[in-house]
Amino acid sequence: MSPAMSLTAIGLVIAATIGIGLFGLRISRTTSDFYVASRAVTPRWNASAISGEYLSAASFLGVAGLVLVNGADMLWFSVGYTVGYLMLLVLIAAPLRRSGAYTLPDFAETRFESAVVRRICSFLVVGIGTLYLLPQLRGAGLTLRTVTGAPSSVGAAVVAVIVVINVAAGGMRSITFVQAFQYWLKLTALAAPIFVILIAWRSSEHPVGLLDSLHGAGAEWAEPLSTAGGRDHPLYATYSLLLALCFGTMGLPHVLVRFYTNPDGRAARRTTVVVLALLGAFYLFPPMYAVLGRSFAPDLIGAGADTVVLELPGRIFPGTVGDLLGALVAAGAFAAFLSTSSGLTVAIAGVIDQDLLRGRLNRVTGGDYLAVNGFRIAALLAIALPYLAFELTGRLSLADTVGLAFAVAASTFCPLLVLGIWWRRMSTVGAAAGLLVGGVAAITAVLVNVIGPPSGGWPKALFGQPAAWTMPLAFLTMIVVSRLTPQRIPAGTARSLVRLHTPEAVDVDRSFPQP
Amino acid sequence: MSTPDAPRRIRVTSPRTSAARRSTSHTGTREIDEQTRVGEVYMHSLIQSQLRLALAVILGAAVMLGGLPLLFWLVPATRTFSVVGLPLPWLLLGVVVYPVVYVAARVYTRNAERIEAEFTEFVGRK
Chain D
1 MSPAMSLTAI GLVIAATIGI GLFGLRISRT TSDFYVASRA VTPRWNASAI
51 SGEYLSAASF LGVAGLVLVN GADMLWFSVG YTVGYLMLLV LIAAPLRRSG
101 AYTLPDFAET RFESAVVRRI CSFLVVGIGT LYLLPQLRGA GLTLRTVTGA
151 PSSVGAAVVA VIVVINVAAG GMRSITFVQA FQYWLKLTAL AAPIFVILIA
201 WRSSEHPVGL LDSLHGAGAE WAEPLSTAGG RDHPLYATYS LLLALCFGTM
251 GLPHVLVRFY TNPDGRAARR TTVVVLALLG AFYLFPPMYA VLGRSFAPDL
301 IGAGADTVVL ELPGRIFPGT VGDLLGALVA AGAFAAFLST SSGLTVAIAG
351 VIDQDLLRGR LNRVTGGDYL AVNGFRIAAL LAIALPYLAF ELTGRLSLAD
401 TVGLAFAVAA STFCPLLVLG IWWRRMSTVG AAAGLLVGGV AAITAVLVNV
451 IGPPSGGWPK ALFGQPAAWT MPLAFLTMIV VSRLTPQRIP AGTARSLVRL
501 HTPEAVDVDR SFPQP
Chain G
1 MSTPDAPRRI RVTSPRTSAA RRSTSHTGTR EIDEQTRVGE VYMHSLIQSQ
51 LRLALAVILG AAVMLGGLPL LFWLVPATRT FSVVGLPLPW LLLGVVVYPV
101 VYVAARVYTR NAERIEAEFT EFVGRK
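As given, the protein sequences belong to chains D and G, one line each in that order. Numbered by this note's numbering, the letters in the first sequence go through residues 1 to 515 in order. Numbered by this note's numbering, the letters in the second sequence go through residues 1 to 126 in order.
No lab work stands behind these hints, which were simulated from the structure alone. Predicted model, so just to flag it, every value in this text is computed and none were measured. Where a beta carbon is used, it is the ideal one built from N, C-alpha and C, also for glycine. No incorrect hints appear here.
Output of the computed footprint for chain G on chain D, the stretches with three or more beta carbons under 8 Å from beta carbons of chain G:
(1) 62 to 76
(2) 234 to 247
(3) 259 to 270
(4) 274 to 282
(5) 500 to 509
Turn these sequences into a full structure, and let the hints steer you where they fit.
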């Protein structure tokens with residue numbers, strides 16, 4: 001791999017990101033622009049942006065690394081990331097858009113008419129967002145170290161600084177353009193090396209077939225439900241992972257914020273359908289890197305697995321072709337860190353600004369400051385926190401850390417949204433209790449994994465993939481507590497459900513409950 | 001879902017004179033706004049139809065996707081069974097699942113929009 005070429009490519013991605021961001025700044029004028037791009041993004045743009053934001057370090061580097069080590073069971077990661085959007089589509093896409101709220105805490109407050117539920121949601125947004133930002137920063141460090149040998153804190157710092165500049169400059173409007181561009185860059189960067197390899201293999205004889213690692217002797221790694229990668233109880237782990245990914249997607253803060261940028265509920269659905277096509281196209285490629293890596297980079301199986309996407313082009317084509325492809329892949333990887341980190345930072349900053357900062361800033365300045373500047377300060381805080389904490393998750397692989405963020409989301413926001421949108425007997429106390437029980441259970445599992453996971457057997461499986469028990473626990477708590485406290489069902493529930501479910505073409509009263 | 005309520009709707013429609021006076025008001029939306037029993041029935045039937053559709057998609061996904069690990073678990077031969085040069089799990093999880101999910105999303109969206117169009121037709125447009 002040629003450091004100069006890769007650095008140039010990474011530099012170009014950064015320049016393009018900032019360039020498009022500045023272009024966005026020229027048309028980004030109001031606070032509404034900053035938060036939700038004034039809700040005027042068309043489905044096709046928005047779908048590219050959503051996919052660009054969603055495909056993170058875990059998708060670009062992590063999935064291939066996990067499949068390389070553990071085989072077919074890890075294909076469920078990319079399947080789950082995609083099916084998560086199908087669940088989001090059928091359960092919450094249109095109602096969430098029609099809720100008319102800016103952020104998830106906004107939704108919680110208007111639906112449950114409670115500042116306490118809002119406060120819990122704010123903390124969860126910051127928590128899940130931080131957990132999700134950590135692997136992005138670590139992936140950036142890993143990429144820069146693979147390319148140049150620089151310490152991993154350098155790559156993380158580069159991403160953190162650029163994201164703050166970009167988010168603080170243009171907010172959501174410019175992020176939409178940047179992320180749409182980054183989806184296509186990521187797809188190209190991942191697909192091009194594979195196509196070059198396919199063409200090279202067609203045009204000449206090679207001693208090693210492309211799919212050799214999947215067949216014959218030594219192909220046991222490729223079988224599903226194998227414990228070869230050191231994972232016990234593979235059937236439980238597979239189901240728990242599938243649950244976390246399918247139902248965690250809808251609870252990720254940066255995914256939710258994106259849905260508010262659709263013009264209406266119908267557009268929110270159509271956007272999601274396009275997203276599914278874009279994600280499907282992307283996820284065809286990471287497993288190919290793993291299959292080829294088994295044959296051409298077997299030394300990476302183990303600690304270096306997360307770098308297989310970066311290393312593979314250079315291993316197969318030593319020389320200029322490999323350097324060029326390697327530079328392209330490194331650029332794509334940086335696009336992945338930048339886009340996901342930007343989206344997360346916007347989401348977390350929105351919540352920090354509204355719920356933590358605004359009151360204090362008003363007190364300090366007597367209301368004499370620009371609302372946009374509050375958002376900028378919040379953006380700085382939003383990424384500083386995970387940057388300070390990013391060494392903590394060192395022992396987990398990229399996709400595993402992200403998997404835990406999904407598990408927390410599936411155990412908190414998923415039941416809140418699903419029951420809040422579809423169940424009119426849900427009480428405020430039930431919502432708060434479910435968030436707390438699910439949140440505490442899932443976060444405990446995360447901490448156990450970070451501090452030191454159990455050495456094996458059921459404890460390791462249960463804490464490593466907690467969603468299969470934490471998510472039902474949260475649903476159950478919300479339902480049981482709501483049943484026990486029918487007097488605490490929000491007074492405006494009927495009006496809220498009208499607002500969430502009636503199509504925009506129907507002229508009904510969508511007013512919010514007056515506090 | 002609309003047939004049982006249809007006769008009632010005709011009964012509550014205003015006579016011609018008052019319709020001329022309040023040409024913009026629609027009975028269905030007013031029932032919903034005033035949260036009458038009828039309005040609740042309208043909303044309940046809309047939410048139930050959408051929820052049934054969503055649950056149908058989830059059930060389909062659960063059976064098809066959730067069935068795969070079980071299949072691999074119960075019939076070990078499927079773990080290595082080769083189709084068009086790829087082991088079956090790799091073909092299903094790496095390739096086939098994506099177009100299937102996309103088609104499911106298209107079908108869902110068409111049906112959800114149909115339910116909304118019927119509801120809009122039923123309670124009256126803007």
